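Using the sequences plus the hints, can you model the full thing?
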Amino acid sequence: MIQEINTGKMIDVVINGEKVSIYEGTTILDAARKVNVKIPTLCKHPDLDATASCGICVVKVKNNRKLLRACCTKAEPGMEITTHDGELFEVRKNVLDLILATHPNECLTCLRNRNCELQTLAEEFGIRQQPYKAMVKELPKDVSTKAVTLDPRKCVGCGRCVDVCQNIQKVHALEFLDRGFDTRMAPAGDIVLKESPCIKCGQCSAHCPVGALVEFDEVSNVWEALRNPELHCVAQIAPAVRVAFGEGFGMEPGELVTGKMYALLRKLGFKAAFDTNFAADLTIMEEGSEFVKKLTTEPKSLPLITSCCPAWVDFLEKYYPDLIEHFSTCKSPHEMLGALAKTYYAQKIGVDPSKVFVVSIMPCTAKKYEVQRSEDMKSSGYQDVDISLTTREFVRMTKSSGIDFKSLKPENVDSMLGTYTGAGTIFGATGGVMEAAIRTAYFLVTGKNLGTLDVEAVRGLKGIKTGVVDVQGTKVRVAVAHGTGNVRTLMDELREAKAQGKPMPYDFIEVMACEGGCIAGGGQPYMVSNELRRQRTAGIYKDDKECAIRVSHENPDIKRLYDEFLEKPLSHKSHKLLHTHYVSRPLYYK
Amino acid sequence: MDKKYFFVWEPEKLKQNQMYNAFSKVINEKNLQEKAEVIKSLFLGLTADTPVVKIMPEGNIYKGFAESDVETIIDNALNGKTSKFTCECGNKNSKVPEADPQSKQFKIVLRNAGYINPESIEDYIMRGGYSAVEKAVFSMTPDSLIAEVKASGLRGRGGAGFPTGLKWELTRREKDPVKYVICNADEGDPGAYMDRSIMEGDPHNLIEGMILGGYAIGSSQGFIYIRAEYPLAIERLEKALTAAREKGLLGKNILGSDFSFDIELRWGAGAFVCGEETALIASVEGKRGNPRPRPPFPSVSGLWNKPTFINNVETWANIPVIVEKGGAWFATIGTEKSKGTKVFAVTGKVKNPGLVEVPMGTTIREIVFDICGGINNGKKYKAVQTGGPSGGVIPEKFLDMQVDYETLQSIGSIMGSGGLIVMDEDDCMVDVNKFYLQFSVDESCGKCAPCRIGGKQILEILEKITKGNGEEKDVEKIKSIAMAMQKASLCALGQTTPNPVMSSLMYFEDEYMQHIKGKKCSTGKCKDLVSYTIISDKCIGCGLCAQRCPVTCISGEKRKPYLIDQSKCIKCGECYAVCKFNAVSRG
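So the sequences go chain by chain: A and B.
For the first sequence, counting from 1, position 473 maps to 473 in the working numbering; every step adds exactly one.
For the second sequence, counting from 1, position 328 maps to 328 in the working numbering; every step adds exactly one.
Simulated from the structure, these hints should not be mistaken for laboratory data.
Bear in mind that the values here come from a model prediction, so they are computed numbers and not experimental data.
Keep in mind that a hint or two might mislead.
Label-pair distances were calculated between CB atoms; the ranges are [what the hints assert, rightly or not]:
1) A:Leu587 / B:Lys287: 18 to 24 Å
2) B:Asp143 / A:Pro77: 24 to 30 Å
3) B:Lys287 / A:Val136: 41 to 47 Å
4) A:Gly269 / B:Lys467: 57 to 63 Å
5) B:Met401 / A:Leu587: 55 to 61 Å
6) A:Leu587 / B:Gly468: 48 to 54 Å
7) B:Lys239 / A:Leu587: 38 to 44 Å
8) B:Val178 / A:Val583: 41 to 47 Å
9) A:Lys170 / B:Gly248: 51 to 57 Å
10) B:Trp304 / A:Leu587: 23 to 29 Å
C-beta: ideal position from N, C-alpha, C; glycine also.
Printed below as a string of structure tokens:
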């Protein structure tokens, strides 16, 4: 993917004798990609600024005494660049040899096997032996969060995780400790992740080139549950999974594989294939009602801030506990579905709820943490969701099952907790929850649907999006932020207003911890970039457009659920099963 | 008759103020206050293990005297006679910078150090201090100031030797209204203390240089990045800054002009890599001191992304003199491409270690033998190391080569910041390089792979060689790793880490081979490769070796050959050193 930004001015450079025109400000790495020359790199990620740490992408520039790093050197007019020759190969291979000497030879047992950037480089460079002494640091694995696993032995020091944690997410959980050869990536203060400010968003794991930061792998636990004849296993898939899961099987990003996934779940042995989109519709009913109630009876308590993102919940509890009063009490959709599976669904099919085993297929690592976040996650009397797998884990699980995913015939969802509307599916993209909520809130206040259901103002990859919705004369000021770095800006704005006794600048706020929303969640397939985010987002909005019903309040299964079980939004039963509480949590536990 | 000033310096390990008090006592008892004054000197440019006195204005230096000699020294000085305690280094000085043919030194940077009370701004002003600021702000434009610096041919004294005037011009050219000036006082080479001495001995010189730099590039804020391990320098700089502010030389409207400029100190925690300019900037900003890629160079985007001009202490200390006496004058000193003087901190196996300031182009022979008195204990010269852990060795055959940026580079070393470590025949090249490499490995920031891993790998290989496990292919391995480090490291630290080992391989490959193939270390430094035995034919059985042996592993009867118990021997070499009959063999 070429990260070429239109800066308005074109310049010419010569790469390996071939002239190429590029926008001013383009790096040599991207300029080379434009003429289909691949300069190898280990540390540069298309989603992040260059950390310039690996030293593999060095190139020759005419009249320059030193080799330059292609990842961070901007091409200048008239530059004559050599990207490949014998000397460059030797330098790069030597650097790679040095890196390999510090990396454990554990490819066969590594979670990243055949999906590892270092392994790929080793293959491309034809590494057949290791000339240098093996110097693998013996450091303990950190599985304390049960969401993200940190194995510092495998770290290649590229710095992507630190960059994403500090500069994009602004969580500052990860830092480089020590110096020189002993440099290692770890939570500041040399504590375990669980005791650090980590919010389990997993963006570190989504950007790690190797197996140093990975999702907490629970595939084997799911297999075990499936082969247990006592259990009644059901699964649900999150909105954002359906536009990325196919990537694991060579399909295009954004390609919708919903029906195939229902079929896959049943083939794997799940008794029911549910859809978190259904629960997203339910969330809208609850959260929309919560908002309308506040808007009409106590507008001073606004803004209402969405709570479907568990990494964001953790971030708020740690960094902005003073804003807890503004937080929606709604659980995240998959938790709502888990609670209903062990109550409503179990009752209807006559299964002992203790035997119902709920697996969530999520784009997210934080959901793994969320399933045990508090006692509220046991509202059914049992842990509402038993295991939450990331998209990446589910890709691996599918591959090990022998099922040819691409050739599966699409099937339908199990309707009791499955039918969804366009409003539910757009939860997967930034702005989606807000858009879905506006569609229903407008209806709840006015009794009519919006003329145009598309709310363009809240769509797209801009870090903070704001807009005003006219609800029968009431101007509802909305804001959407994604990526906790951007979220900070918005929350600081609220804090500032509060401190100065000024009116709050917004009425309704949607927050997603990951940039782009769940489509680029920490548990999604690798090599995310804005281009990839757009492709996956396009798949989400395509799904919305193709839905016969595009507003949550018209979902027939939701209506049935309220009629048969929950009575009405914000009812006593809803509160027990679908809502939660928040507490202030320390940044550091020690 | 001129009043005589006795600058007394006493080594820290001795009883403090003993000699100072002795001088005071004599002066008071003999009522000589009109004619003589004793001043506690904190720095005389040389180190010694005995007290030193320097008598001004003549500049005679005496050492090796006792308390009872003080009266004679004072009498002689007042009567125009010299004393017998003359110091061999003859470290004379004069009030204005000029060449001193007798000592071969030329003090520009160190012109005041030792002669003024560094905590007195008046002393500095008395010696012409701050007149360059006055001259610049009232009679020179920033452009003409830059032109003067360009004409001087001054190059960065931090090591790389980038032309200072050009750097100023590049920073001045930037349009941003906010610019910063930084002094890199993160001196960290082993054995180097030039910058510390300037800051401790003449802090106003540095401050004046920075004010001029601020005026030239259009900056109103300067920072001195200094390591916390230099507490005295910090204290003196703080005092100097306060004094300069009180005199209107810093702050708003300097000397009533419309130029405003101030300086703040920023403490570093002592990481060597923070001497690299982009790492230094990160550290000043409060981040981990890791280098970042260049371009953009700090002159375009530096501290807080503003155009920033960074120079090291010694470079700044040259500026006031250049402004005062003109770039053309400065350009008469030195060689064709390297102008002015260079301060070296001479350490190691040399008779008179200390700071010397010599014109560029002075030879190593002049520095080591003429100025510093040659090798200690009559041993044979082996090499000097310039540029510390980033530099290389200068073997005997280059003793008469003129030292400047280009010549040093041409023989595989670098000018560096001024550390000059003298090695004699007892130093093992492999062992010495282990030391440098260990330093660089410890000080690597750990960010970029070639430096983080490469240094450690070379160090491991050297360890292996000194333990007697070296293989011939190890030299090739060192060369491969060095190539990767030099070509692919991000900053100068990683690019230069292999320099010492590569340079020593260039001139002393035989010595490496002796370790690898012969499993021998002729200097005895590599303990795993050496054993001491007593040659029974030569041993007269005096028993001296047995007396000196710290682990009592030598035994025998008087007047019969002694024997060393190899299982207990720690290979300290004491027996070898004390035997008067060459009866102990090392091999």
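- Item | Pairwise beta carbon distance, B:Trp304 to A:Leu587, judged against the given window 23 to 29 Å | holds (26 Å)
- At the C-beta level, are A:Gly269 and B:Lys467 separated by a distance inside 57 to 63 Å? For B:Lys467 against A:Gly269, whose Cβ atoms are near 60 Å apart, the range 57 to 63 Å holds.
- Cβ-Cβ distance between A:Leu587 and B:Lys287: within 18 to 24 Å? holds (19 Å)
- Query: So the hint says 41 to 47 Å: do the beta-carbon atoms of B:Lys287 and A:Val136 match that?
  - Reply: violated (29 Å)
- B:Val178 and A:Val583, beta-carbon distance inside 41 to 47 Å? Cβ of B:Val178 to Cβ of A:Val583: about 44 Å, so the range 41 to 47 Å holds.
- Item | B:Lys239 versus A:Leu587 beta-carbon gap, inside 38 to 44 Å or not | Between B:Lys239 and A:Leu587, where Cβ atoms are some 40 Å apart, the hint holds.
- Could one say that the CB atoms of A:Leu587 and B:Gly468 fall in the range 48 to 54 Å? holds (53 Å)
- Take a look at whether the Cβ-Cβ distance between A:Lys170 and B:Gly248 falls inside 51 to 57 Å. Because 44 Å falls outside the window, the suggested range is violated.
- Query: Per the hint of 55 to 61 Å, is the separation of the Cβ atoms of B:Met401 and A:Leu587 within bounds?
  - Reply: holds (60 Å)
- Cβ-Cβ distance between B:Asp143 and A:Pro77: within 24 to 30 Å? Holds: the Cβ-Cβ distance is about 28 Å, inside 24 to 30 Å.
The structure is inconsistent with the numbered hints 3 and 9, although it conforms to all the rest.
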